[in-house]
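Protein chains: 2
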Amino acid sequence: MNIILINPQELDGTGLAHLSGERAEHIRNTLRAVSGKELCIGLLNGSLGSGTVETVGSGMVTLRCVFEEEVPPRPAVDLLLALPRPKVMKRLWTQLAALGVGRIILTNAEKVERYYFDSHVLDPDFFTARLIEGLQQAGDTLLPEVQIVKQLKPFLEEELDRVFPEKGVRLLADPSGVQNVFQVFDKTNVSSKRTLLAIGPEGGWTPYELELFAAHGFRIFNAGPRILRTDTACIALLALLALHSSRT
Amino acid sequence: MNIILINPQELDGTGLAHLSGERAEHIRNTLRAVSGKELCIGLLNGSLGSGTVETVGSGMVTLRCVFEEEVPPRPAVDLLLALPRPKVMKRLWTQLAALGVGRIILTNAEKVERYYFDSHVLDPDFFTARLIEGLQQAGDTLLPEVQIVKQLKPFLEEELDRVFPEKGVRLLADPSGVQNVFQVFDKTNVSSKRTLLAIGPEGGWTPYELELFAAHGFRIFNAGPRILRTDTACIALLALLALHSSRT
Chain B
1180 MNIILINPQE LDGTGLAHLS GERAEHIRNT LRAVSGKELC IGLLNGSLGS
1230 GTVETVGSGM VTLRCVFEEE VPPRPAVDLL LALPRPKVMK RLWTQLAALG
1280 VGRIILTNAE KVERYYFDSH VLDPDFFTAR LIEGLQQAGD TLLPEVQIVK
1330 QLKPFLEEEL DRVFPEKGVR LLADPSGVQN VFQVFDKTNV SSKRTLLAIG
1380 PEGGWTPYEL ELFAAHGFRI FNAGPRILRT DTACIALLAL LALHSSRT
Chain S
1180 MNIILINPQE LDGTGLAHLS GERAEHIRNT LRAVSGKELC IGLLNGSLGS
1230 GTVETVGSGM VTLRCVFEEE VPPRPAVDLL LALPRPKVMK RLWTQLAALG
1280 VGRIILTNAE KVERYYFDSH VLDPDFFTAR LIEGLQQAGD TLLPEVQIVK
1330 QLKPFLEEEL DRVFPEKGVR LLADPSGVQN VFQVFDKTNV SSKRTLLAIG
1380 PEGGWTPYEL ELFAAHGFRI FNAGPRILRT DTACIALLAL LALHSSRT
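Just so you know, the protein sequences line up as chains B and S, in that order. Using my numbering, read the first sequence as starting at 1180 and increasing by one per residue. Using my numbering, read the second sequence as starting at 1180 and increasing by one per residue.
The set of hints was computed from the structure by calculation and includes no laboratory data. One should not assume that every hint holds.
A pair holds if it fits inside one copy or across any two, identical chains being indistinguishable in the list.
Claimed, not checked - The calculated DSSO-like cross-link candidates involving lysine-lysine, where the alpha carbons are at most 30 Å apart (straight line), are:
| # | residue 1 | residue 2 |
| --- | --- | --- |
| 1 | K1216 | K1346 |
| 2 | K1290 | K1269 |
| 3 | K1216 | K1290 |
| 4 | K1266 | K1346 |
| 5 | K1269 | K1329 |
| 6 | K1216 | K1329 |
Chain B extracted, bound-state conformation (with noise of 0.2 Å):
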């Protein structure tokens, strides 16, 4: 934990916030903090901060909070991910909100299994535990937004213009691509555009749905002669594309 996020509703009026749980031990026994203390603070889908520990009693933590005005940004980037595994699941949360993704769509496709679907790492208290972790870890406090697919068509058709803006860049990573990643960079003038990146299930988009991406405005690129498991390759596009984003 990088920094203690602070839910809206544990804030009373006079800018105390009452912890208890898994925050308050770790404000007492990982960072032993004693009355006094500053510490790094955020509001959830607000502004950072800073804390000062009031009380420290067991289980308990009082800290007097002050928060900046302006909300950090939005991160520039979205992903669409045929739903993996739910044990690869499960372990991908925290670090997708680490990565910063601004909306994290999951989507059904021929190659995922339909009981996927059914696994408790869909469930939001499940999975925003879990985005809440990654964000205390990165220093952010924006709660990607999660939207789950069951059928990916009538989504590409009829929701992804309303979800996703026309004049973002559409990449999607596959072996098919002739263009590298920084090829499409490069043309697409990706760092200065919202971008969604949509990446396969462990056995690959069928190229009817490569099609069916190609003609909702996706551009295929290679992501290298290597084959990388769903959660490698979503880490590492990921984390390229906010690095070049922050380049410019």
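Start from chain B and add chain S according to the hints.
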């Protein structure tokens, strides 16, 4: 498994490989291969090739193997990593091999707990199996060399120049770096040279350690404003280096 890796000892004099265990099960149950089917294979630390299924028995598969002449190039990146918690390191082996690393140097540091070095995740049998899993995922044959360093200072002073060429590029990711990763890449002409990437412990390197690295030719760069977990940072930066190298 995108290729099946074969140990030289598993080959008889007539080009037949007799496989059992996980790989045999994968060929039989996942690939559902029958006699005559061709599979992508590789010789561990050797070349890629193709294997024709001769027999599929319970728990045993025989392949007729033909290998290419050329051995795949050794990845141009080496990693020097402050040993992370065993739980993190356990998961990292496979991903490092999948991403492609020539040599993995795991080192002690001020903020590494001594007991991490007693973990079974540093047992060669344990990590070799994980590394092979990563190579089979990525379609590579070259096992990364692994070196475990219990004292950082003597290693940097007496050993580093032997295991990593002085004319290579030595990089270290730290929030104190003034230049970002792309500026350093451009300045050091990284894509044409062997690169050693140093990544610190969760709590970071100490100022003394940073000085020591700088004195041994490491260029310090910052990897963006977000603080990443060790495993996320490793994957992100190795992928970036790999993609950057393949650009030329």
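Here's how the hints hold up against the structure:
Within a single copy, K1216 and K1346 get their C-alpha atoms no closer than 47 Å, and across copies no closer than 47 Å, so neither meets the 30 Å cut-off. For the homomeric pair K1290 and K1269, the shortest alpha-carbon distances inside one copy (19 Å) and between copies (28 Å) are both at most 30 Å. In the homo-oligomer, the alpha carbons of K1216 and K1290 lie at most 30 Å apart only across protomers (22 Å), although the nearest pairing inside one protomer, at 52 Å, exceeds that limit. In this assembly of identical chains, K1266 and K1346 lie within 30 Å of each other by CA distance neither inside one copy nor across copies; the values are 35 Å within and 43 Å between.
Within a single copy, K1269 and K1329 get their C-alpha atoms as close as 19 Å, which meets the 30 Å cut-off; across copies the closest is 33 Å, which misses it. For a Cα distance limit of 30 Å, the shortest separation of K1216 from K1329 qualifies neither inside one copy, at 48 Å, nor across copies, at 35 Å.
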